[in-house]
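Asker: Protein chains in written order, with the working numbering: chain A, 62 to 439; chain C, 3 to 182; chain F, 6 to 430.
Source of the hints: derived by calculation from the structure; they are not laboratory data.
A few of these clues could be false.
Unchecked claim - Listed next, the in silico SDA-like pairs over lysine to any residue satisfying Cα-Cα at most 20 Å (straight line): (1) A:Lys117 / C:Pro14; (2) F:Lys419 / C:Pro159; (3) A:Lys383 / F:Gly322; (4) F:Lys422 / C:Tyr158; (5) F:Lys140 / A:Gly153; (6) A:Lys104 / C:Met3; (7) F:Lys420 / C:Leu164; (8) A:Lys330 / A:Glu414; (9) F:Lys423 / C:Pro166; (10) F:Lys70 / A:Leu192; (11) F:Lys38 / A:Asp225; (12) F:Lys38 / A:His194; (13) C:Lys90 / F:Met131; (14) F:Lys422 / C:Gln163; (15) F:Lys426 / C:Gly154; (16) F:Lys38 / A:Ser177; (17) F:Lys41 / F:Ile63; (18) F:Lys426 / C:Tyr158; (19) F:Lys420 / C:Tyr158; (20) F:Lys426 / F:Leu336; (21) F:Lys419 / C:Ser162; (22) A:Lys117 / C:Tyr9; (23) C:Lys20 / A:Tyr120; (24) C:Lys13 / A:Asp155; (25) A:Lys297 / C:Leu110; (26) F:Lys142 / A:His194; (27) F:Lys337 / A:Arg371; (28) F:Lys429 / C:Phe149.
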Amino acid sequence: MRSQSEYGFFYQPKIMSGVAAMENIPVELDGFNARHPFVITSKEISSSGLAKKFVKALYDSNTIIGALYDDVPAYAGIGLIRELAQFLRDRGCDSIIAIGTGSVVDAAKGINIIVSTGKDVLEFEGNNAVLGHLKPFVVVPTATIAPYDLTGCAAIEGKEIISDYLFPDIIAIDTRMIRGCCSDSMRATALVSLTQALEAFLSPQSNHLTDAYASMALRIIAEHIVKAVKRPRNKKTCLAMANAATVSAAAFHNQLPGPVHSLGMALSKLTGHLPGLCMGALLPAALKLRSKKKEPFRSDLLLAVGGADRYAESAENDRANKGEAALMNLISSIPGIPQGLSSLKVPRHTAEEAIALAAKKEPALKKQDLEEIISMAL
Amino acid sequence: MINYNNYPEIKPGKKLLKRIYVATMLFVFGRAFQAVSRVDRSAKEEFAQMPDDFVLDFCVVPNGPHMIVGKDGKGRITYLGWNPAGKKITLAMRIKNIEAAMRMFMFLESSCVATSRDRLIVDGDLPTACNVLHIMDLLEVLLLPKFAAKLGVKRYPKWSQLSPLRKWTSRLLTYVRLIA
Amino acid sequence: MIIPGYYEYCCRVKTIAGHKALEKIPSELARMKAQKPMIITDKGVAGAGLIKIVQSAIKSTKGFKTSVAAVYDNVPPDSELTIVREAAKIYRTKGCDAIIAVGGGSVLDTAKGVNILVSLGGDELMHYAGAGAVKQKLKPMIAVPTTSGTGSEMTLVAVIADHSRSVKLPFVSYFLLPDVAILDSRMTKTLPPALTSSTAMDALTHACEAYTCMAKNPVSDATALEAIRLIASNVLNVVKNPNDMEGRLALANGSALAGMAFSNSMVGMVHMLGHATGGVCGVPHGVCMSIFLPYGLEYNLHRSGELTAELLLPLAGPEVYAATPKNVRALKAIEHIRKLNEELHQATGGRHARFLKEIIGRDGTQMVPKEKLPDIARTAMRDASQFYNPEDLDFNDCMMVLENAWEGTPLNLKKIKKGGKGMKF
Chain A
62 MRSQSEYGFF YQPKIMSGVA AMENIPVELD GFNARHPFVI TSKEISSSGL
112 AKKFVKALYD SNTIIGALYD DVPAYAGIGL IRELAQFLRD RGCDSIIAIG
162 TGSVVDAAKG INIIVSTGKD VLEFEGNNAV LGHLKPFVVV PTATIAPYDL
212 TGCAAIEGKE IISDYLFPDI IAIDTRMIRG CCSDSMRATA LVSLTQALEA
262 FLSPQSNHLT DAYASMALRI IAEHIVKAVK RPRNKKTCLA MANAATVSAA
312 AFHNQLPGPV HSLGMALSKL TGHLPGLCMG ALLPAALKLR SKKKEPFRSD
362 LLLAVGGADR YAESAENDRA NKGEAALMNL ISSIPGIPQG LSSLKVPRHT
412 AEEAIALAAK KEPALKKQDL EEIISMAL
Chain C
3 MINYNNYPEI KPGKKLLKRI YVATMLFVFG RAFQAVSRVD RSAKEEFAQM
53 PDDFVLDFCV VPNGPHMIVG KDGKGRITYL GWNPAGKKIT LAMRIKNIEA
103 AMRMFMFLES SCVATSRDRL IVDGDLPTAC NVLHIMDLLE VLLLPKFAAK
153 LGVKRYPKWS QLSPLRKWTS RLLTYVRLIA
Chain F
6 MIIPGYYEYC CRVKTIAGHK ALEKIPSELA RMKAQKPMII TDKGVAGAGL
56 IKIVQSAIKS TKGFKTSVAA VYDNVPPDSE LTIVREAAKI YRTKGCDAII
106 AVGGGSVLDT AKGVNILVSL GGDELMHYAG AGAVKQKLKP MIAVPTTSGT
156 GSEMTLVAVI ADHSRSVKLP FVSYFLLPDV AILDSRMTKT LPPALTSSTA
206 MDALTHACEA YTCMAKNPVS DATALEAIRL IASNVLNVVK NPNDMEGRLA
256 LANGSALAGM AFSNSMVGMV HMLGHATGGV CGVPHGVCMS IFLPYGLEYN
306 LHRSGELTAE LLLPLAGPEV YAATPKNVRA LKAIEHIRKL NEELHQATGG
356 RHARFLKEII GRDGTQMVPK EKLPDIARTA MRDASQFYNP EDLDFNDCMM
406 VLENAWEGTP LNLKKIKKGG KGMKF
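Looking at chain A on its own, in the form it has when it is part of the complex (with noise of 0.2 Å):
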């Protein structure tokens, strides 16, 4: 076995959360000299008045918003990135800041490629294949936070592009901007978190890091989860699940993605659910598998999920158990978990599909495990 001592680990974003993180931006825009950001955001955060306060929280800096483009729709194509990345050249923009989620992110990403390397987005699929540092890029999370949001992925046209350049350098979590709408959307981002957490924690190739930030991820969860989807527009819950969701991307991005969440990614690309539900509908099904196979679960996970005195309690050999126990117990849980992947009304040859579609992409995996993980959850 691989000492768990030797690896590589990369994160680039500078985290600032909590009370007025925005007006922060205009610093640390300046310090990478930059005072004139291309904003893009959606419909749906300009309605909502977020954009505005976005644009209040930078009053009184020398940071002129070069445009704030507010239509990103929720499919983004790259005609669309090749024309805002046109755009922003017009305005001479040097720094692009996304206010979002899902493809607003994933344009701002595939913009930034396309004006600081002089290229096509889609040259550069794949793992790797950004080579350089871009401009600098902000994102500012709201409640909804997407798989790929916080980490060095994107998905533009179907396609994956995957590189430690790709990363935001600054991820501002404001108290203002994170406040959840509804129960459903914060279930979502938060089962992402936990999927990421859990399959960083819990892979063979876990290394001090990763273990540090995953383990702090589950923490964070395990307190919250419920409390957070029960009632989302509390703003200290929500803090705290932004972070969660930080932390545990900055560990997912550092590991090979585990079978629930490429297949979940899957899943959610052929049926349109959002992809934390397709997660959460598989989570039970994959851990079940983990115990039939016999593979033995980290005894510290029970520290993780069950806190540090039911931890130092139990007898060293239970461990495992009582780790495995409480995870099931927290997500059993939350609420309006989906049960299986009937509730969201998924069909067999779906499913099959989304397998198909995860071992292509994630070729480390085992296809064995995957049909597996669907026959159960089905």
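For chain A, the structure is supplied; the task is to place chains C and F on it using the hints.
Answerer: Using the frame of chain A, we list chains C and F on its own:
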């Protein structure tokens, strides 16, 4: 095609009221700095440790307001106004934005919480910056009533550190010099 | 878990660790489009044969055109301007395109200074001094730490002395962070036991203070806890068996993780007193840290006691944690650190000092005479670390802690002036 006219450039607006409030507080603070340097024993000790060319610019970036305090030729602490132009600043303490300054001067964030939240950028000699922060704490104790100062400082001085007699003499004299 | 009302965290250093991590240097350089690195180091590191290991590791890696174009090994114990200029000149004449810094704090500071000059041009470092003056990407820089303690490979600060004007120039910018930090067990293998113990305790202090001081945040907490677990469970073993390579690597990892934590959450009174003791009496940093750590935690007990109690688990393991009642866990954690110091004292044949009066210099004299304590306290009062400490300290408080740390007696908890309970984040 994107119609560029729908997405104009947005120049940052102004937060005038907040600027006025912070500027006023900085003015009072600057005058108090000068006043306390003449009347309080421990403040004098702190000022004595500062170098002779000491000029502090305490400001909000990027557009101010500023407060400039420095030693004059005779080594006395003087309030030098709000305009940094032409002055040789040896220590700059910059608050990152007006909102952070508001939170500090409305006592929503005490100076130690603001420091640990990284709201301040200190540029210059760190030991002297420590002296400045000590004096800020002392000013809070002297100028504010106990219940308010307790929110601002980590530890309100005990009798053994600051006797009521000394506190009230310094408080009165500082106020007199501040207004006069 | 505490989620502060506001915090910032940033660590842009790519961390590569392993028994053969040095072999990754060529590919990392290639990724950054560089192949003619300059090695910057000091005489001690070069004399210990470490540069040879680095060079042969680079040479033995097939498939890359990397060749070390220059080796500069003249860095003094505290970095200064003339040295930076000299090294920058060599970098330019040899046509280098990257920097590999092999060594501790001063080597890294010098390398950061050289990088500013060779990337931004000119010979005047002065223009770039201060907070945030460097605003663009510099040349690729790789840091290879040779002591597991300072964590300076994770910090964005460089301090460079200008002897001609007798000032110290501080440089602060995220662009000063090395691009890559290489943690290789071979680099710390020859570190003597006393140095291993004091540098490891230095790292442990970083992590403990990061977890219990004012600017803590969830990410720094995560790395701090992992660091404490790694260091506490390995330090004694490695001091006793210097060839324990797994343990060496664990310490290097712990030190880097602690560096990530403290460079973001800052440190408190242990460093305040430690910096001052180092400055006044010339005591090595790590030695001060191991002595002051229990006192710092003790002094802040009424503020950060709950956090200190949580540290007992990574420090002493689950059995001790479970066997200790909740209300005395913090005290137990402090006691455990004192015990660790004691064991290290024995394992190093008395070279690992437990109290200030035990520190002996190279010439055999006591390094911290008791009459120096007021000087230390006065210097400490002008150290910026105090503002991140949970409880306030004035001159008399410093003296009280210093006197106890000199004698080796625990603090009298009743005598500590308390400003309140708990902490505000």
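Asker: Run every hint past the structure and note whether it holds.
Answerer: Verification of the supplied hints:
| no. | hint | verdict |
| --- | --- | --- |
| 1 | A:Lys117 / C:Pro14 | holds (8 Å) |
| 2 | F:Lys419 / C:Pro159 | holds (17 Å) |
| 3 | A:Lys383 / F:Gly322 | holds (18 Å) |
| 4 | F:Lys422 / C:Tyr158 | holds (10 Å) |
| 5 | F:Lys140 / A:Gly153 | holds (19 Å) |
| 6 | A:Lys104 / C:Met3 | holds (18 Å) |
| 7 | F:Lys420 / C:Leu164 | holds (17 Å) |
| 8 | A:Lys330 / A:Glu414 | holds (11 Å) |
| 9 | F:Lys423 / C:Pro166 | holds (18 Å) |
| 10 | F:Lys70 / A:Leu192 | holds (18 Å) |
| 11 | F:Lys38 / A:Asp225 | holds (15 Å) |
| 12 | F:Lys38 / A:His194 | holds (12 Å) |
| 13 | C:Lys90 / F:Met131 | holds (16 Å) |
| 14 | F:Lys422 / C:Gln163 | holds (10 Å) |
| 15 | F:Lys426 / C:Gly154 | holds (15 Å) |
| 16 | F:Lys38 / A:Ser177 | holds (16 Å) |
| 17 | F:Lys41 / F:Ile63 | holds (11 Å) |
| 18 | F:Lys426 / C:Tyr158 | holds (13 Å) |
| 19 | F:Lys420 / C:Tyr158 | holds (16 Å) |
| 20 | F:Lys426 / F:Leu336 | holds (17 Å) |
| 21 | F:Lys419 / C:Ser162 | holds (15 Å) |
| 22 | A:Lys117 / C:Tyr9 | holds (17 Å) |
| 23 | C:Lys20 / A:Tyr120 | holds (11 Å) |
| 24 | C:Lys13 / A:Asp155 | holds (15 Å) |
| 25 | A:Lys297 / C:Leu110 | holds (17 Å) |
| 26 | F:Lys142 / A:His194 | holds (9 Å) |
| 27 | F:Lys337 / A:Arg371 | holds (19 Å) |
| 28 | F:Lys429 / C:Phe149 | holds (17 Å) |
Going down the numbered hints, you'll see the structure goes against none, and every one checks out.
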